[in-house]
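Colleague: Sequence lines, in order, name chains V and S. Mapping of the first sequence onto my numbering: position 109 corresponds to residue 109, and the numbering continues sequentially without gaps. Mapping of the second sequence onto my numbering: position 44 corresponds to residue 1044, and the numbering continues sequentially without gaps.
Since the hints were derived computationally from the structure, they do not count as laboratory data. Only a predicted model underlies this, so the values are computations on that prediction, with no experimental measurement involved. Virtual Cβ for every residue (Gly too), placed ideally from N, Cα, C. Incorrect hints may appear among the rest.
Claimed, not checked - Straight-line alpha carbon distances no greater than 30 Å define the calculated DSS-like cross-link-like pairs of lysine-lysine that follow:
id, chain 1, residue 1, chain 2, residue 2
1, S, LYS1110, V, LYS65
2, S, LYS1017, V, LYS109
3, V, LYS34, S, LYS1110
4, S, LYS1110, S, LYS1207
5, V, LYS4, S, LYS1207
6, S, LYS1155, S, LYS1094
7, S, LYS1110, V, LYS109
8, S, LYS1094, S, LYS1146
9, S, LYS1094, V, LYS109
10, V, LYS65, V, LYS109
11, S, LYS1075, S, LYS1017
Stated by the list, open to error - Each pair of labels, with its calculated beta carbon distance range:
id, chain 1, residue 1, chain 2, residue 2, range
12, V, ILE119, S, VAL1117, 15 to 23 Å
13, V, SER106, S, GLU1025, 19 to 27 Å
14, V, GLN131, S, GLY1112, 19 to 27 Å
15, V, GLU44, S, VAL1117, 41 to 49 Å
16, V, GLU52, S, GLU1025, 42 to 50 Å
17, S, VAL1117, V, SER106, 43 to 51 Å
18, S, SER1074, V, ASP35, 17 to 25 Å
19, V, PHE49, S, GLN1044, 53 to 61 Å
20, S, GLU1121, V, ARG26, 38 to 46 Å
21, V, GLU45, S, GLY1112, 39 to 47 Å
22, V, ALA53, S, ARG1041, 37 to 45 Å
23, V, ASP54, S, GLY1112, 41 to 49 Å
One letter stands for each residue in the lines below.
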Amino acid sequence: MKDKYIIIVGCGRLGAHVAKMFTRSRNSLVMIDKDATAFSRLSEEYSGFTIEADAVEQDTLLRAKIDQADVLVATTDDDNTNIMIAQVAREIHHVPEVMLRIYDPSRAKIYEGTGITTICTTLLAAEAFSQALGSQEGVTAP
Amino acid sequence: MNIFVVGGGIRTHFLAKSMISKGHELTLIEEEPEVCDRLARNHQALVIQGDGTRPYLLQDAGITRCDLILALTSKDPDNLVICQLASKVYGVPKSMALVNDPANRIIFQKLGVQMVVSTVEIITDLIEQRLFLDDISNLSPIEEGKVSLMEIELKVDDLVVGKTIQAASFPAQSNIGCVLRGQEAIIPGGATRLEAGDRLIIICLPKYQSEVLKTIRGRLT
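I would like the entire structure built from these sequences, with the hints used as guidance.
Modeller: Here it is in structure tokens:
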């Protein structure tokens, strides 16, 4: 796989974990978080850049060179912030691949058809639970 | 009209007062319980406590019957999501959002919010206009500030006094819509001669305001 330029917004547990996995595959990474202490979650082998700023402000994304990004991942703990950043990345800066994490899947209708990939942790967990239950009882999950 | 107002805190109070007096039906959605209490006590409106960015809450509040939604929270992403949910998911015909970061105004418009208001921009514009345009007696921005309508009273020593409108050569990007002279209102033509004491109603683009004033006064005030 070709090396990619990836911007991650939100250095929480998920953001830091995603960064760790992407670091292994030799991509260039930029991590944005409005709280600098969040960067302590990054693993030692993380070799990308960090920007301490609010990604809801347009200047922040421009500083991160969003126009050159191949991928943007929005993993802040606020659904609405992720939805806004993802749409700005996809619709305004035309980032080829945009992914976001949300908790409330009903909000995903807003950006239907824009090509943004939704990772809904609530649904993923629910599916995992139901599969675990299914495999226990020897029936397939719906 | 059936109007939804989301967020805005206690500032909603005055907005609600004015809208209800104009006969609109209001639904106010607020997160702070104390603010909800106050709004509910003071207004004939449906007040709902909760997060207005949650689809089920909007649905329960009856958003499908809403004609206009105003998103006034202090968080720009929330305001975007409120307006987008309303227009894209529930088919609300008109949406209006407040933005805190003026740079987000264009972003919101590109993402489908019809009316975007930046209080910071409005206030800075007003301050700038007041600073050098003390003698404009009335100024109203039209269409979110794309056009200004202003009223200027002519003084005896103004350059244009005694000249016809054609001879006064106002900037091309401005138009004198009306001349108020005493009790009379005149729709002027190029041959209309301007007199001291006339009040000119001028329509122009905001960036030509200072030029218009310069034409009249001969200087920037």
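Colleague: If I claimed the Cβ atoms of ASP54(V) and GLY1112(S) lie 41 to 49 Å apart, would that claim hold in this structure?
Modeller: Taking Cβ atoms as reference, ASP54(V) and GLY1112(S) lie about 23 Å apart, which means the hint is violated.
Colleague: The hint says 42 to 50 Å between GLU52(V) and GLU1025(S); measuring C-beta to C-beta, is that right?
Modeller: 46 Å, holds
Colleague: Tell me if the straight-line CA distance from LYS4(V) to LYS1207(S) falls inside 30 Å.
Modeller: 44 Å, violated
Colleague: Given the proposed pairing of LYS1155(S) with LYS1094(S), does the C-alpha separation stay at or below 30 Å?
Modeller: 44 Å, violated
Colleague: Has the given pair, LYS1017(S) with LYS109(V), been kept, meaning a C-alpha gap of at most 30 Å?
Modeller: 34 Å, violated
Colleague: That 38 to 46 Å hint for GLU1121(S) and ARG26(V) (C-beta), does it hold up?
Modeller: 44 Å, holds
Colleague: Quick one, are LYS1110(S) and LYS109(V) close enough, alpha carbons at most 30 Å?
Modeller: 18 Å, holds
Colleague: Given the range 19 to 27 Å, decide if the beta-carbon distance of GLN131(V) to GLY1112(S) lies inside it.
Modeller: 37 Å, violated
Colleague: Holds or violated: the 17 to 25 Å window for the beta-carbon distance between SER1074(S) and ASP35(V)?
Modeller: Holds, at about 18 Å.
Colleague: Return holds or violated for the Cβ distance of ILE119(V) and VAL1117(S) against the range 15 to 23 Å.
Modeller: Given about 33 Å between the Cβ atoms, the range is violated.
Colleague: With 43 to 51 Å as the target window, see if VAL1117(S) and SER106(V) comply at their CB atoms.
Modeller: The hinted range 43 to 51 Å is violated for VAL1117(S) and SER106(V), with Cβ atoms some 27 Å apart.
Colleague: Does the structure keep LYS1094(S) and LYS1146(S) at a Cα separation of 30 Å or less?
Modeller: Satisfied, since the Cα-Cα distance of roughly 19 Å is no more than 30 Å.
This entry does not satisfy hints 2, 5, 6, 12, 14, 17, 23, going by the numbered hints stated previously.
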